[in-house]
Amino acid sequence: MVSVELAGLKLKNPVMTASGTFGYGSEFLPYTDLEKLGAIVVKGLSLNPRQGNPGPRIVETPCGMLNAIGLQNVGVDAFVKEKLPKLKGIKTQIIANIFGETVEDYMEVAKRLGDSVSAIEINISCPNVKKGGIVFGTDPNEAFKVVSAVKSSTTLPVITKLSPNVTDIKVMVKAVEEAGTDAISLINTITGMAIDVDKRRPVLATITGGLSGPAIKPIAVRMVWQAAQVAKVPLIGIGGIVTAKDALEFIIAGAKAVQVGTANFMDPDSAVKVAEGIEEYVRKNKTSVKELTGSLRV
Amino acid sequence: MVSVELAGLKLKNPVMTASGTFGYGSEFLPYTDLEKLGAIVVKGLSLNPRQGNPGPRIVETPCGMLNAIGLQNVGVDAFVKEKLPKLKGIKTQIIANIFGETVEDYMEVAKRLGDSVSAIEINISCPNVKKGGIVFGTDPNEAFKVVSAVKSSTTLPVITKLSPNVTDIKVMVKAVEEAGTDAISLINTITGMAIDVDKRRPVLATITGGLSGPAIKPIAVRMVWQAAQVAKVPLIGIGGIVTAKDALEFIIAGAKAVQVGTANFMDPDSAVKVAEGIEEYVRKNKTSVKELTGSLRV
Amino acid sequence: MQSVSSKILYNEEVLPRYFRLGLQWKTPAIVPGHFLMVRVSGSLDPLLRRPFGVYKVLGSKWKSVFRGTGVELLYQVVGRGTKILSEKRAGESVDILGPLGNGFPDPERKQNPIMIAGGMGIVPLRLLAEKLKRGVVLFGARGSSEAGIVKGFRGLGCRVKVATEDGSIGRRGLVTGLLKEEITPDSPDSVVYACGPVGMLKEAARIAQAEGVKCHVSLERSMACGIGVCLGCAVKTRAREEFKRYKMVCSDGPVFDSKEIDWEAL
Amino acid sequence: MQSVSSKILYNEEVLPRYFRLGLQWKTPAIVPGHFLMVRVSGSLDPLLRRPFGVYKVLGSKWKSVFRGTGVELLYQVVGRGTKILSEKRAGESVDILGPLGNGFPDPERKQNPIMIAGGMGIVPLRLLAEKLKRGVVLFGARGSSEAGIVKGFRGLGCRVKVATEDGSIGRRGLVTGLLKEEITPDSPDSVVYACGPVGMLKEAARIAQAEGVKCHVSLERSMACGIGVCLGCAVKTRAREEFKRYKMVCSDGPVFDSKEIDWEAL
Ligand SMILES: Cc1cc2nc3c(=O)[nH]c(=O)nc-3n(C[C@H](O)[C@H](O)[C@H](O)COP(=O)(O)OP(=O)(O)OC[C@H]3O[C@@H](n4cnc5c(N)ncnc54)[C@H](O)[C@@H]3O)c2cc1C
Ligand SMILES: Cc1cc2nc3c(=O)[nH]c(=O)nc-3n(C[C@H](O)[C@H](O)[C@H](O)COP(=O)(O)OP(=O)(O)OC[C@H]3O[C@@H](n4cnc5c(N)ncnc54)[C@H](O)[C@@H]3O)c2cc1C
Ligand SMILES: Cc1cc2nc3c(=O)[nH]c(=O)nc-3n(C[C@H](O)[C@H](O)[C@H](O)COP(=O)(O)O)c2cc1C
Ligand SMILES: Cc1cc2nc3c(=O)[nH]c(=O)nc-3n(C[C@H](O)[C@H](O)[C@H](O)COP(=O)(O)O)c2cc1C
Ligand code: FES
Ligand code: FES
Numbered sequence: 002m003v004s005v006e007l008a009g010l011k012l013k014n015p016v017m018t019a020s021g022t023f024g025y026g027s028e029f030l031p032y033t034d035l036e037k038l039g040a041i042v043v044k045g046l047s048l049n050p051r052q053g054n055p056g057p058r059i060v061e062t063p064c065g066m067l068n069a070i071g072l073q074n075v076g077v078d079a080f081v082k083e084k085l086p087k088l089k090g091i092k093t094q095i096i097a098n099i100f101g102e103t104v105e106d107y108m109e110v111a112k113r114l115g116d117s118v119s120a121i122e123i124n125i126s127c128p129n130v131k132k133g134g135i136v137f138g139t140d141p142n143e144a145f146k147v148v149s150a151v152k153s154s155t156t157l158p159v160i161t162k163l164s165p166n167v168t169d170i171k172v173m174v175k176a177v178e179e180a181g182t183d184a185i186s187l188i189n190t191i192t193g194m195a196i197d198v199d200k201r202r203p204v205l206a207t208i209t210g211g212l213s214g215p216a217i218k219p220i221a222v223r224m225v226w227q228a229a230q231v232a233k234v235p236l237i238g239i240g241g242i243v244t245a246k247d248a249l250e251f252i253i254a255g256a257k258a259v260q261v262g263t264a265n266f267m268d269p270d271s272a273v274k275v276a277e278g279i280e281e282y283v284r285k286n287k288t289s290v291k292e293l294t295g296s297l298r299v
Numbered sequence: 002m003v004s005v006e007l008a009g010l011k012l013k014n015p016v017m018t019a020s021g022t023f024g025y026g027s028e029f030l031p032y033t034d035l036e037k038l039g040a041i042v043v044k045g046l047s048l049n050p051r052q053g054n055p056g057p058r059i060v061e062t063p064c065g066m067l068n069a070i071g072l073q074n075v076g077v078d079a080f081v082k083e084k085l086p087k088l089k090g091i092k093t094q095i096i097a098n099i100f101g102e103t104v105e106d107y108m109e110v111a112k113r114l115g116d117s118v119s120a121i122e123i124n125i126s127c128p129n130v131k132k133g134g135i136v137f138g139t140d141p142n143e144a145f146k147v148v149s150a151v152k153s154s155t156t157l158p159v160i161t162k163l164s165p166n167v168t169d170i171k172v173m174v175k176a177v178e179e180a181g182t183d184a185i186s187l188i189n190t191i192t193g194m195a196i197d198v199d200k201r202r203p204v205l206a207t208i209t210g211g212l213s214g215p216a217i218k219p220i221a222v223r224m225v226w227q228a229a230q231v232a233k234v235p236l237i238g239i240g241g242i243v244t245a246k247d248a249l250e251f252i253i254a255g256a257k258a259v260q261v262g263t264a265n266f267m268d269p270d271s272a273v274k275v276a277e278g279i280e281e282y283v284r285k286n287k288t289s290v291k292e293l294t295g296s297l298r299v
Numbered sequence: 273m274q275s276v277s278s279k280i281l282y283n284e285e286v287l288p289r290y291f292r293l294g295l296q297w298k299t300p301a302i303v304p305g306h307f308l309m310v311r312v313s314g315s316l317d318p319l320l321r322r323p324f325g326v327y328k329v330l331g332s333k334w335k336s337v338f339r340g341t342g343v344e345l346l347y348q349v350v351g352r353g354t355k356i357l358s359e360k361r362a363g364e365s366v367d368i369l370g371p372l373g374n375g376f377p378d379p380e381r382k383q384n385p386i387m388i389a390g391g392m393g394i395v396p397l398r399l400l401a402e403k404l405k406r407g408v409v410l411f412g413a414r415g416s417s418e419a420g421i422v423k424g425f426r427g428l429g430c431r432v433k434v435a436t437e438d439g440s441i442g443r444r445g446l447v448t449g450l451l452k453e454e455i456t457p458d459s460p461d462s463v464v465y466a467c468g469p470v471g472m473l474k475e476a477a478r479i480a481q482a483e484g485v486k487c488h489v490s491l492e493r494s495m496a497c498g499i500g501v502c503l504g505c506a507v508k509t510r511a512r513e514e515f516k517r518y519k520m521v522c523s524d525g526p527v528f529d530s531k532e533i534d535w536e537a538l
Numbered sequence: 273m274q275s276v277s278s279k280i281l282y283n284e285e286v287l288p289r290y291f292r293l294g295l296q297w298k299t300p301a302i303v304p305g306h307f308l309m310v311r312v313s314g315s316l317d318p319l320l321r322r323p324f325g326v327y328k329v330l331g332s333k334w335k336s337v338f339r340g341t342g343v344e345l346l347y348q349v350v351g352r353g354t355k356i357l358s359e360k361r362a363g364e365s366v367d368i369l370g371p372l373g374n375g376f377p378d379p380e381r382k383q384n385p386i387m388i389a390g391g392m393g394i395v396p397l398r399l400l401a402e403k404l405k406r407g408v409v410l411f412g413a414r415g416s417s418e419a420g421i422v423k424g425f426r427g428l429g430c431r432v433k434v435a436t437e438d439g440s441i442g443r444r445g446l447v448t449g450l451l452k453e454e455i456t457p458d459s460p461d462s463v464v465y466a467c468g469p470v471g472m473l474k475e476a477a478r479i480a481q482a483e484g485v486k487c488h489v490s491l492e493r494s495m496a497c498g499i500g501v502c503l504g505c506a507v508k509t510r511a512r513e514e515f516k517r518y519k520m521v522c523s524d525g526p527v528f529d530s531k532e533i534d535w536e537a538l
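Taken in order, these protein sequences are the chains called A, B, C and D. Going by my numbering, the first sequence opens with residue 2, and the numbers climb by one from there. Going by my numbering, the second sequence opens with residue 2, and the numbers climb by one from there. Going by my numbering, the third sequence opens with residue 273, and the numbers climb by one from there. Going by my numbering, the fourth sequence opens with residue 273, and the numbers climb by one from there.
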C-alpha cells in the first residue's frame, strides 16, 4: 500500500516532483510516465511573469548544485491558460507552487488559481519587499501572515514550504500550523555560494544561490525529524532524494510524502524510479507507507 | 607571501588543521610535516576528561560525513601534561580548542591552559546545561557571556568558533566581537541526521550529528562572506576544504586563514598540500594572502 | 526518449587531451547541432550530466535526418567530468540523454554556407558539413596539432580553411579574419554557421551582420537538465517583452539567430 | 608512512562478489592483523577510505615481520565503495595508507593456536596462519563456494576445519561449534584468535573465557581516519576509569583481548 492521503488529497503514491525542477510538468512527457507520480509540483508562480536573474544561474558543487534562477516564470494567468491544459487528462495531482514579494501578491496568485489545480504550495523563501527584504520564511510572524492570507484566498488545500535557513525549524512549523496550513513541505534550498578563484568573482551573477542535491540530505532529514516532533499536520520531505532509500529515510523520519528535486536533472525518470522503489520496498517488507511514516525507533 | 598575522599570532601560512580532525597533533607526526602548517588546532578540551558518546559515532553521507563523537577528550590538565610535550620543538603555532557546559567551565579551562599554547579557540556549539540545553552558539547573549568570560580568564588571543545552525550569522559575529573576541572562525558542523532504512533507526547512537566535508563548502563560503560584510576582527574560514582552490574561495570571500578538517581523514597530508597549493598560487599570480583576503569583486 | 545506457565502442586520445568517443546507440533522428547530456559516472560527484555535441552519426548518411547505430563525440578534457570520461574504456557504459536542442536551420538553395568554428566548436559543424556537402569550413585552432582535426573534412565535399594563432599552419591570426574574406560585398549570398568561444562568436556575428548576412550561432552555457526545465542555462536575448528575454540554450537553442542575442550581456 | 598510490597488479573475482586484489607496494613491516585504508576513487563520493585487512604479503616469508613487494587483499562487494573497487583493473592505481593498527600477539611457545573466522574474517587469520605454521583454522562459511577460500590453507602448515550453515561442506552449523570441540578441558593449552561477525566473536569469546582460554578478537567498525584521530571507531571496553572506556578500533585495535570488550554494548 503506497497510496497516501494528505491534506485531503489522494495520492497514488507518496512521490511528488519538487517545484522548479520539473518545469510545468508537460516538458517531461517525452521522458517519463507522469501518471506514475503521486503529484507534480510546478515551477513557482508569481502574479506577473518574471524574467529571472542574469546568468550564470547554476553551478555544480560537491554532490550538489547552487541555483539562482530568480523564479523566472510565465505568471499565474499564463500558467492557467497555456501550461495547465497541456497536462489535461493526465491522471495525477497537480500542485501549484506560488510566491510573492508582498502578502497581497500571494493572495492574488492564490485567487487567480481558483480551483484549476489540486492544491497550493506556498514558497515562503522569498524576500518581503515591504519588510525591507527580510525573507518571509525566516520570520515566524511574517510566515504566519502569508499563510493566513493564502488560506483566506483559496478553498484548495494549502501546503507551506519551509526554508531551512533558520535556527529552529520547530518555531516555523508552529507558526504556519497556527496560520492554518494543511500540510508542510521541507526543505527548500540552503543559501550557499561558490567563488571563481581565478576571476575572484562569485560564480553566480547574484552572488549567493540555493544549495540542493544529495549534499543537503542529512540536513533535510534532520529538519523533517525535528518538525515531526511538533507537527500536527502532515509533512512532505524534500532534499537530496535520489533513490527510494533516500525517500524512505524521510518517510521513516516522519514525512507522509516526499518530493524529488535535483535528481530530475540527473535522470528525468528519477521520480518515477523512486516511486517504484518505494513500492517494491513496501511489498517486500509487507508494510505500507502509512505504517512507515514516523516509524523511526530512537 | 603566504605568512599572515592574525590576532597577534604570526602564522607562516594561512592553513590550520580543524579541531577534532587532527587529534592532539602528535598523531600526525608519522604522516605529515607539521612544520609546514600555519597552526594546529587540537581536539576540543574540557575541564574534566570525557568519555564521549556510544557508537556508531560516524557515518558517511554524500560528499560528507556526520559525526557524534561527543567531544571525547583527555581533559585540559592531561592535555597540558601529556599531550602538549609531544609537540615540543615543533615550529608551528598550537591552538587549544575549548568547550564547556557552563560559562564557568569555559573560564576554568582557559585558566588552566595558562600560556601553554599560542591561542584559544572557543567552541560555542555546545549545549548550555544551565540554560536548559540551548546551545551557546545559537543565542547571541549566551555567546557574548562565554566569550567575555574566557577573555577575562586568559591573556592569550581568543578565537571564537561559530555554529552555522543560525538564521543570521551576522548577529553572532557582532555579539562575539562585542564580547572582545580577537578573531572568529567559522563554520562548525551543521546538524544532520542519517537513517538506517532497514533497521528504521538513526545510524548514529545520538540520533543527530554534525555534518562536515565538501558537501557543506558552499554554505560555509556563504557564511564567511556574510560575516566578512560586518566583521572587524579577522576571520578563519572552515568547511569542506580539500584543495588549495577550496581554501582560496574562503580567503577571497574574506578569511585571513583557513582550517582543514574532514580532508585530514581522506589524506593525513591534506592540510600541508593545501598550504603548498596556496603558496604556488600566490607565487604564480604574484600576489599575497593578505592581498587576496576579501578580494572578491561583486 | 529516455535516458539510455550506451556501450562505449572506443574512447581514444586523438590529440593530447582530445578524445573521440564512440557510443553504441540506435539513434533517434539527429540533425546537426543536436547535443547529448552524458552522465560520466555512477557516483554522486560529479552530480550533473555534461553536454556534448554530436560529431558523427555512426552507420548513417544524411537522408533528411541522420539515424544510425551509434554516435561519435569529440571532446576536450577541461575539468573533472571530462577527465573521468577520458578514463572510461571500450566495453564500459555511460548514460546518455538525447538528442537534445534545436539543430542548425538549412541554408537556402542558392546560399553559400560558411561554417566557422573555434576549438571544440568544430563538433556540430562537422556534422553540418557532412549534411550540406558544400560551402566552406573555417577552423580556428590553437596550433598545428589541433588543426589536424579537420584533416579528414575535405572528403565531406566542402572547402576547408584553417587559421592558427601561432601561424604554424594555415593563416596566422584569428579565424574571424578568414570570415571577413569569405563574406565580401561581391561574394555570393552567404549564410554563416558559427560555434566556438564567445569572443569568436561575437566577432563572427558582428562581421556577418555588418554585411547583412544571416548568422546562426551555437552557444554554450553550464547546464543542469538539458531539457528546458531548470532554467539554468539562460542567455539574454533582445526580446522586446521583458519576461521573455531569457531564453534557454538547451531547449530554445543551442542554435540562435545572432541578431536575437544580447551580446553585451554574454 | 604516507599515503601512497599503489598500482593494481590484479583484481579478480574469485567467487561471486569476492575479489582478490593485488597491489604493488614496497611494504613496510607487516604483521598479521594489520589493515590498510584504501581510497577507492578520486571522486569526493564516496568520501572516506575503506579499511581492509592484509590477506597476503607478496614476495615475503615470515621473518619476525613480513616485508614484501606487494600485498593481496581479499574483499567482498557489500556496498558502494567495494563496488567501485571491484571495477578497477590491473594497471590502474589506488591510494593506500598503512599498515595500520596492532596485529595479533604471538602465542606462547607451547600454546596451541586456534584461529576462528567467519566470512571475510578469514583475511587476517590467513596471514596469521602463514606466520604460525601450526594450530588449526576453523572457518565458518555460508556455503561450499565460500568455503573454497580455505582450500589452499593446508600448505600453510596448519589444520583446517570448515563449518557451513547449510552443511553443504564440512560440519553443518556454526563455526563456534567446532571451537567448542577444540577447546576441551583435556586439550592442550590453547589460545584463540577470532575475526568475523559480532555474533560469532561474542560466542567465541564466551566459549574461550568459560574454559579459561585467552581469546584475541579483531573487531570492525566504520572508520573515517584509520589513525586514531577522528575518534569515530570507538568500541566500549570494561576500563574502570569512565573516560578511558571507549577505545579506538583503528589505533588501539583492531585486535583486542576479548575480556577487555564490553560485549553487551557491541
Ligand atoms: C550544447 C553544448 C555542446 C557542447 N559540446 C561539446 C563538445 O562537443 N565537445 C567538448 O569538448 N565540449 C563540448 N561542450 C562543453 C562541455 O560541455 C564542457 O567542456 C564540459 O561540460 C566540461 O565538464 P568538466 O566536468 O570537464 O569541467 P568542469 O569545469 O569541472 O565542469 C564544471 C561545470 O561547468 C560546466 N562547464 C564547464 N565548461 C563548460 C562549457 N564550455 N560549456 C558548458 N558547460 C561547461 C560543466 O558542465 C560543469 O557543470 C558543449 C557544451 C554545450 C553547452
Ligand atoms: C579493520 C577492518 C578490516 C577489514 N578487513 C576487510 C577485509 O579484509 N575484507 C573485506 O571484505 N572487508 C573488510 N572490512 C570491512 C570493509 O571495510 C567494509 O566491507 C567496507 O568498508 C564496506 O564499504 P562499502 O562502501 O562497500 O559499503 P557501504 O555499506 O556502502 O559503506 C558505507 C560505510 O560503512 C562502512 N562500513 C560498511 N561495512 C563495514 C564493516 N563491516 N566494517 C567497517 N566499516 C564498514 C564503510 O567503510 C563506509 O564508511 C574490514 C573492516 C575493518 C574495520
Ligand atoms: C533549479 C531549481 C529551481 C527551484 N525553484 C523553486 C521554486 O520555484 N519554488 C520552490 O518552492 N522551490 C524551488 N526549488 C527548490 C526545490 O523545490 C527543492 O526544495 C530543493 O531543490 C531541495 O530538493 P532537492 O535537493 O531534491 O533538489 C528549486 C530548486 C532548484 C534546484
Ligand atoms: C570527527 C570530528 C570531530 C570534531 N570535533 C570538533 C571539536 O572537538 N571542536 C570543534 O570546535 N570542532 C570540531 N569539529 C568540527 C571541525 O573542526 C570543523 O569545524 C568542521 O568539521 C567543518 O570543517 P570540515 O568540513 O573541513 O571538516 C569536528 C569535526 C569532525 C568531523
Ligand atoms: S539546462 Fe536546464 S533549462 Fe537548460
Ligand atoms: S577511524 Fe578515526 S579514530 Fe579510528
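Hints are supplied without guarantee of correctness; some may be wrong.
Dumping the calculated DSS-like pairs for lysine-lysine here, alpha-carbon to alpha-carbon at most 25 Å [stated by the list, open to error]: (1) D/K355 with C/K279; (2) D/K360 with C/K279; (3) D/K360 with B/K84; (4) A/K274 with C/K298; (5) A/K274 with C/K279; (6) B/K291 with B/K87; (7) B/K274 with C/K279; (8) B/K287 with B/K13; (9) B/K200 with A/K285; (10) C/K360 with D/K355; (11) C/K355 with A/K87; (12) C/K519 with A/K82; (13) D/K474 with C/K355; (14) A/K200 with B/K132; (15) A/K84 with C/K423; (16) C/K531 with A/K82; (17) D/K519 with B/K84; (18) A/K171 with B/K246; (19) A/K200 with B/K291; (20) B/K200 with D/K474.
The set of hints was computed from the structure by calculation and includes no laboratory data. Quick caveat: nothing in here was measured; it's all calculated off a predicted structure.
For this session: Please work out if D/K360 and C/K279 have their alpha carbons no farther apart than 25 Å.
Result: holds (18 Å)
Exercise. Holds or violated: A/K274 with C/K298, Cα cutoff 25 Å?
Worked result: Holds, at roughly 23 Å.
Exercise. If you draw a straight line from the CA of C/K360 to the CA of D/K355, is it 25 Å or shorter?
Worked result: holds (16 Å)
Exercise. Holds or violated: B/K274 with C/K279, Cα cutoff 25 Å?
Worked result: Distance ~38 Å between B/K274 and C/K279 Cα, so the pair is violated.
For this session: Take a quick look at whether A/K200 and B/K291 sit within 25 Å of each other, Cα to Cα.
Result: Roughly 17 Å between the alpha carbons, so the hint for A/K200 and B/K291 holds.
Exercise. Is D/K474 close enough to C/K355, meaning Cα to Cα at most 25 Å?
Worked result: violated (47 Å)
Problem set entry | Pairwise hint evaluation, A/K87 against C/K355, where the allowed Cα distance is 25 Å at most | violated (41 Å)
For this session: Decide if the proposed pair is consistent with the structure: A/K84 and C/K423, CA atoms, cutoff 25 Å inclusive.
Result: Since the Cα atoms of A/K84 and C/K423 sit roughly 48 Å apart, the hinted pair is violated (cutoff 25 Å).
For this session: Take a quick look at whether B/K200 and A/K285 sit within 25 Å of each other, Cα to Cα.
Result: With a Cα-Cα distance of about 14 Å, the restraint between B/K200 and A/K285 holds, given a limit of 25 Å.
Problem set entry | Distance restraint between B/K287 and B/K13, which requires alpha-carbon spacing of 25 Å or less | holds (18 Å)
Exercise. Is C/K519 close enough to A/K82, meaning Cα to Cα at most 25 Å?
Worked result: Between C/K519 and A/K82 the Cα gap is close to 21 Å, so the pair holds against 25 Å.
For this session: Mind checking the alpha carbons of D/K519 and B/K84 for me, to see if they're no more than 25 Å apart?
Result: holds (17 Å)
When held up to the earlier numbered hints, the structure conflicts with 3, 6, 7, 11, 13, 14, 15, 16, 18 and fits the remainder.
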